[in-house]
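Protein chains in written order, with this note's numbering: chain Y, -13 to 321; chain U, -13 to 321; chain D, -13 to 321.
Hints are computed from structural coordinates only; laboratory data are not their basis. Nothing here was measured: the structure is a model prediction, and the numbers come from that model. Each hint should be verified, as a subset may be incorrect.
One copy or two, either will do: identical chains are not told apart, so a pair holds if it fits within one copy or between any two.
[Claimed, not checked] As a list, the in silico SDA-like pairs of lysine to any residue whose alpha-carbon atoms are at most 25 angstroms apart:
no.	residue 1	residue 2
1	Lys102	Gly59
2	Lys102	Ala19
3	Lys102	Ala222
4	Lys102	Asp(-8)
5	Lys202	His152
6	Lys102	Thr55
Below are the chains, spelled out letter by letter.
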Amino acid sequence: MRQFLDLADFSREQVLDLLALARRLEREPQPTALAGRVLGLLFMNPSLRTLASFQAAMGRLGGSAFAITPGSGSWQLETQHGAIMDSGAAEHVREGLPVLGSYCDALGIRLFAEGKDLESDLSEQRFRTLAGLVDVPLINLESAVNHPCQALADWKTLDELAVPAHGKFVLSWAYHPRPLPLAVPAAVLHMAAMRGMRVTVLRPEGFALPSELMDKARRAAAAAGGAIEESCEPHAALADADVAYVKEWSSTAHYGDAAGDAAARARHADWCVNEQWFAAAHGGCRLMHCLPVRRNVAVADELLDGPRAAVLRQAYNRLPVQMAILHRLLQGTTQ
Amino acid sequence: MRQFLDLADFSREQVLDLLALARRLEREPQPTALAGRVLGLLFMNPSLRTLASFQAAMGRLGGSAFAITPGSGSWQLETQHGAIMDSGAAEHVREGLPVLGSYCDALGIRLFAEGKDLESDLSEQRFRTLAGLVDVPLINLESAVNHPCQALADWKTLDELAVPAHGKFVLSWAYHPRPLPLAVPAAVLHMAAMRGMRVTVLRPEGFALPSELMDKARRAAAAAGGAIEESCEPHAALADADVAYVKEWSSTAHYGDAAGDAAARARHADWCVNEQWFAAAHGGCRLMHCLPVRRNVAVADELLDGPRAAVLRQAYNRLPVQMAILHRLLQGTTQ
Amino acid sequence: MRQFLDLADFSREQVLDLLALARRLEREPQPTALAGRVLGLLFMNPSLRTLASFQAAMGRLGGSAFAITPGSGSWQLETQHGAIMDSGAAEHVREGLPVLGSYCDALGIRLFAEGKDLESDLSEQRFRTLAGLVDVPLINLESAVNHPCQALADWKTLDELAVPAHGKFVLSWAYHPRPLPLAVPAAVLHMAAMRGMRVTVLRPEGFALPSELMDKARRAAAAAGGAIEESCEPHAALADADVAYVKEWSSTAHYGDAAGDAAARARHADWCVNEQWFAAAHGGCRLMHCLPVRRNVAVADELLDGPRAAVLRQAYNRLPVQMAILHRLLQGTTQ
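My request is simple: use the sequences and hints to build the entire structure.
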């Protein structure tokens, strides 16, 4: 394995193999496997789970990590090609990225969407630019429209919850005061498709996921014996569901238009998911969310504190799947 | 040992045993004892000694640590139960804490007093709420009215200074421009009581330590053959003292009342401890302070730079006692 | 080796020996050499390369590091002797520094020039004050007029580029919107002199390096068979050059005078180094810069992205030379 940028870069068998390694590393600690190996972490955006779990993962395998946060202790990084750097940023990514890469055995990069132009964000051009500057193995810590570490952790969680491979997976939009990126819905949609699930994307009008992402997921679903549908009716969508994966995201009809997005989302402030949404679901239907979640805004306390919630298990699973990713990237395929 | 939250949770023998382990780890390095083990550190408030010494302690024992500072690189954490999270905080402690706990083998939490309501701070309700969300071994890195790592380091320092077990220990208030928490005076008072010392709490009117803390210390003193007194006369209090432990704290008569506290403390701006305070003490009487200390405001240069000062030794001792705590928490009682 | 504060503290042979160790550590990893050893890093100023590469260096050798940034998670540190600490800073360096030193096996300190008074900055008084408070091995991570880690990395880079020992080395001033410190030009000038090179310091009027630094370098050059010249004519200076080492620095004629410096540097905004500067240099003449560099302000894209640029190699070399420094400081001179 040379990099970990998108779950779609791997075959279903390769993913299952990674998950098997994650389970093995949970059972059998390998506290010296990565002795002397160094992971670099570049955070262009905030983080709790990713920041903590990647450091912990290296520590458990006997390696170490360093984290760099431009603008907080380190120089602001300019990303514009050809910029005349006479204002805030002291360093350009064309130097900063290869330099960080040269200090470590693998580099993780977090770079959220700009949220201005949908085509541009879908192209992952900004992330690709950074990635192209580094020649050590790269890990996507969340890019404009991807979050493969989260998706892999979620797959492991679905397995542990014994959710059937062809079970019904509802990816539901929820309200949030701000237009959040498409990274998690995109990554999770693809993961559920690859796993062979019957996926329903549930969202209000104006919040449909971009056709590029839907088409990519449909191809993965077709290959794995699953299917992708869309709905804007919570009750109907959740009927017989095995999982409701809740996530907030920006309006795609008003992408990059702050006022238009705000007006569109304000009409759906009642999309705070609560137990009533599950009226037509079966009792074992689980609630998933990648966290952080705004309680009583996106999801009600009663769900997060109740038996449906699998959110802590999802977050925990970041650790073993990332240990598996690091093990593969830094040890080769042997182990 | 399952957690380290309060020195009062341990018997005198258990404390002596921890101190013996600390001395052993100073003499005989164990650079692989905690290989693959991970300590999480959550700082809701600033730190120098705690941040540096816990990372160093894990490093010396072959393990690793990660530090999370909400609001600086990581999401702001909401602590209010039932909050409708539509403003600043992106994540609730009900998710954030168990998630961090799930990434590590032990978690340290720093959460200062709110400083609004004395009963509430004395109850440690906010710290207990966080602690109740985590199921790995917990370490108190300073809570509303406790700082057991500091207290344990101070006990070790007293032993090294050959201060008699039943010596005279003066815990003295000093001036500070702001109302600082009661955590250190509370923890140190209890430590001196458990050690069997004859303790005098020296403070101006309006700054008496809460009766709950005094009573708890009196019980510990009684069990160990010591005693607790109070005074508001520096000269008399320091007569024949073996140790003057200086600390700034808020007015308890005006707790949570900013204007009242400010007026009360302004009257005692002359409580900047200097050599004259020691006129009736013997020549070997030592000056202790947990640091950070405002020079020439709380304590005069002449003392901090003179032979009485034991403050650097106190700070250094954070390292070996915390190595002992980590060793016990993460290795069991064997070693 | 007891400390690493100035390349001038070492003989040419000692430097060559350190560089040989750096090359050996590149070829033959020693992932347990510094097991259980801890490096403390105190950053009074921002950093990317130093912050990342020192953590990586400890990790590769099996040790660990902690970083403290006063004012960001840790207390602001007062540096003034005798200060009455009644305002922002909660802790004095007279406590903070020895405490940090007591937690680690070696301590690195970054403290930029004040930029107010040239004599004061040249005296390194502020750095010396901090250094005098610590009794573990110290590493200069950039002080007022020194940056020995950068200089050592640059020497290694010159060797790798096969630049002749007595080749022509042009240290050239470049434009920057702000008056940057003299640390890198001072350290690099001395390094090139110690290496025996024929050095030309190229700078506009008003930006001559202080005579103290020039004289120190001249003595080193004389001992190593090199020479030091000055010029304010880019074309002439670069004739037959082997290396153009570009760096921005403050006006020494207007040192500490913000308006005077701004006016002086504004007249030389055309000192943005580009390919035309190399018209009289030979084809193999390399471009060096310590980074971060403001593209198209100090150096043109065409150079940084072209074949002359050695800047990434310079930055990478921080890692192996610092591994060598740490190895020597923490393991003695054996191996």
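field: Status of His152 relative to Lys202 across identical chains (alpha carbons, at most 25 angstroms)
entry: Close inside one copy (18 angstroms), not across copies (61 angstroms); limit 25 angstroms.
For Lys102 and Ala19, with the copy left unspecified, which applies at a CA distance of at most 25 angstroms: within, between, both, or neither?
This pair counts as neither: shortest intra-copy Cα distance 43 angstroms, inter-copy 49 angstroms.
Notebook entry, point to check: With identical chains treated as interchangeable, where does the CA-CA distance between Lys102 and Ala222 reach 25 angstroms or less: within a copy, between copies, both, or neither?
Noted result: neither (33 angstroms within a copy, 49 angstroms between copies)
**OP:** Could you place Lys102 and Gly59 in one of the four classes (within, between, both, neither) given a Cα distance threshold of 25 angstroms?
**Re:** Cα proximity of Lys102 and Gly59: across copies only (23 angstroms, versus 28 angstroms in one copy).
**Report entry** Status of Asp(-8) relative to Lys102 across identical chains (alpha carbons, at most 25 angstroms)
**Finding:** within (22 angstroms within a copy, 49 angstroms between copies)
Quick one: Lys102 to Thr55, C-alpha cut-off 25 angstroms, is that within a copy, between copies, both, or neither? within (23 angstroms within a copy, 29 angstroms between copies)
Consistency note: the structure conflicts with the earlier hints numbered 2 and 3.
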